Amino acid sequence: MSVRLNLTERILFEDSEALVIDKPGGLPLDQPRAGGEALTDHLDELKLGFHRPPAPAHRLDMDTSGCLLLARNPKALKRFSLAFEERRVEKTYLGILAGEVAEEEGTVELALSKISSAADGWRMIPARKGKPAVTHWRRIAVQNGVTLVEFKPVTGRTHQIRVHAASG
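According to my numbering, the stretch in the sequence shown is residues 225 to 392, in order.
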């Protein structure tokens, strides 16, 4: 028996132009090729009396939980999307890293490129000729062999934080 996710219970902010929801980890924004639940399955329930369903103004990876901004109309979507493109939105992520990070803070500047193969699918890798990617980070706590880190990406490349964190 599967329990259907109720995203109306995860609304953090609501006004006439925007909704902010707490997107759970494991929920992709778009329908996976293999099937399964996606955010798109829940957009009608998030209309909340408006004529059209809200649209995501940015992306969060399937495994990432956190604040997701949804626009309630095309004009708001354009304005929100532009704010992300022009880097007027500050994004902050928390991650738990295996091992104890010695440094207190730093910046990773490492270009990223997408590679794919029939056997392994696609993934992002560090690549000199890739797209520029910059992430600021700060150690918050170290306990029991793991480190809690705050990440602030300057650029917004797919899987940027994961690749930058893995780069050491």
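Check each hint, because a few of them may be wrong.
[As the list claims (entries may be wrong)] Distance condition first, Cα-Cα at most 25 Å in a straight line; then the derived PhoX-like pairs of lysine-lysine:
#1 K376 x K353
#2 K338 x K299
#3 K302 x K353
#4 K338 x K353
#5 K376 x K338
#6 K302 x K315
#7 K315 x K355
#8 K271 x K353
#9 K315 x K299
#10 K338 x K355
#11 K376 x K355
#12 K271 x K299
#13 K315 x K338
Keep in mind that the hints were calculated from the coordinates and are not lab data. A quick note: this is a predicted structure, and the numbers were derived from the prediction, not measured.
Status of the hints after comparison with the structure:
Taken as a hint, the K376 and K353 pair is honoured in the structure, with Cα atoms around 23 Å apart against an allowance of 25 Å. Restraint check: the Cα-Cα separation between K338 and K299 comes to about 32 Å, which exceeds 25 Å; the hinted pair is violated. Proposed proximity of K302 and K353 is contradicted: the alpha carbons are some 31 Å apart, above 25 Å. At roughly 11 Å between alpha-carbon atoms, K338 and K353 fall within 25 Å of each other, so this suggested pair holds.
Pair hint K376 plus K338 holds up; C-alpha atoms about 21 Å apart against a cutoff of 25 Å. Simply put, K302 and K315 have alpha-carbon atoms about 19 Å apart, close enough for the 25 Å limit, and the pair holds. Of the pairs offered as hints, the one joining K315 and K355 holds, with about 19 Å between alpha carbons and a cut-off of 25 Å not exceeded. Only pairs whose Cα atoms come within 25 Å are accepted, and K271 paired with K353 is rejected, the gap being roughly 43 Å.
Proposed proximity of K315 and K299 is supported: the alpha carbons are some 22 Å apart, at most 25 Å. A C-alpha spacing of about 9 Å is found between K338 and K355, which places the hinted pair at or below 25 Å, so the restraint holds. Between K376 and K355 the CA atoms are separated by roughly 18 Å; this keeps the pair inside 25 Å, and the hint holds. As the CA atoms of K271 and K299 are separated by approximately 16 Å, the hinted pair is consistent with the 25 Å bound.
A hinted pair counts as satisfied when its Cα atoms are at most 25 Å apart, and K315 with K338 qualifies at roughly 22 Å.
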